[in-house]
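Peer 1: Straight run, no breaks: the sequence shown in the working numbering ends on number 219.
Among these hints, one or two may not hold up.
[As the list claims (entries may be wrong)] Here are the simulated lysine-lysine pairs, DSS-like style, with alpha carbons at most 30 Å apart:
hint : residue 1 : residue 2
1    : Lys137    : Lys161
2    : Lys(-12)  : Lys137
3    : Lys92     : Lys167
4    : Lys161    : Lys92
5    : Lys137    : Lys92
6    : Lys(-12)  : Lys161
7    : Lys(-12)  : Lys92
8    : Lys137    : Lys167
9    : Lys167    : Lys(-12)
10   : Lys210    : Lys(-12)
Simulated from the structure, these hints should not be mistaken for laboratory data.
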Amino acid sequence: MLKLEGVSAAYGNVPAIRGVSIDVGEGEAVGLLGANGAGKSTTLRAISGLVRLTAGRISFMGQDLASIPPYRVTELGIAHVPEGRQVFPEMSVQENLVVGSYAPRAKPERARSLELVYGIFPRLAERRDQLAGTMSGGEQQMLAVGRGMMLKPRLLMLDEPSLGLAPVMCDVTFEKISEIHKMGTAILLVEQNVSRALSLVQRAYVLESGSIIMHGTSAELANNKQVQAAYLGI
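Please put together the full structure from these sequences, using the hints given.
Peer 2: Right, dumping it as structure tokens:
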């Protein structure tokens, strides 16, 4: 479904990721783990076409992503939920959700997608007319994920969905992501909470200083002494 082959990317003349190769299968949940500055967010931005590739190839459903503009990446069915939520604070919950459905693939299904999102996130249904900027961080995270789902994505990319959330809201957020995955949506999850991420994904890659240093199933990585020492506090 998604394939990165030897991908390198830079911000100006500053390298950010080097030789990254990962893949995500249809309906699979895959993690991208690592410390701050490891290159996780840059990898997602490279997939979305928001950062320049200096080497390698990215393809989705056989389509070369480097040859198309970012809006076309979205139209192929890749939804990117960015770090920090980035909702539109002066717009209502429902207006924020509708923004997520402007791609041609999603617009005809807008009413049905709204019904689906409100079913997954009942709190958003209750607050559909509330301004997004007046919601809690956890509620804004639900809104950001819901906006991604309005695209009717084949692949949902999530960048640090637990960042800044209270433990109870973190639990709710991951329960909802698991629910979305069980509906058949493929997930690419960037997350610093490694134990939480490994409980949700089937496989994961570990990034360090812009390069993949490890790859395995969730069970393999959870039992790996290097991962335990670096990320799980064991």
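Peer 1: Now tell me, hint by hint, if it's right for this structure.
Peer 2: Status of each hint after checking the structure:
For the suggested pair Lys137 and Lys161, the alpha carbons sit about 16 Å apart, so the restraint of at most 30 Å is met. For a cut-off of 30 Å, the pair hint linking Lys(-12) to Lys137 stands: about 20 Å separates their Cα positions. For the hint pairing Lys92 with Lys167, the CA-to-CA distance comes to about 24 Å; that is within 30 Å, so the pair holds. About 23 Å separates the Cα atoms of Lys161 and Lys92, which keeps this hinted pair within 30 Å; it holds.
Straight-line distance between C-alpha atoms of Lys137 and Lys92 comes to about 10 Å, which keeps the hinted pair within the 30 Å bound. A distance of roughly 26 Å separates the Cα atoms of Lys(-12) and Lys161; the hinted pair therefore holds under the 30 Å criterion. At most 30 Å may separate the alpha-carbon atoms for a hinted pair to count; Lys(-12) and Lys92 meet this at roughly 27 Å. At roughly 14 Å between alpha-carbon atoms, Lys137 and Lys167 fall within 30 Å of each other, so this suggested pair holds.
Taking the CA atoms of Lys167 and Lys(-12), the gap is about 22 Å. The hint holds against a cut of 30 Å. Taken as a hint, the Lys210 and Lys(-12) pair is honoured in the structure, with Cα atoms around 28 Å apart against an allowance of 30 Å.
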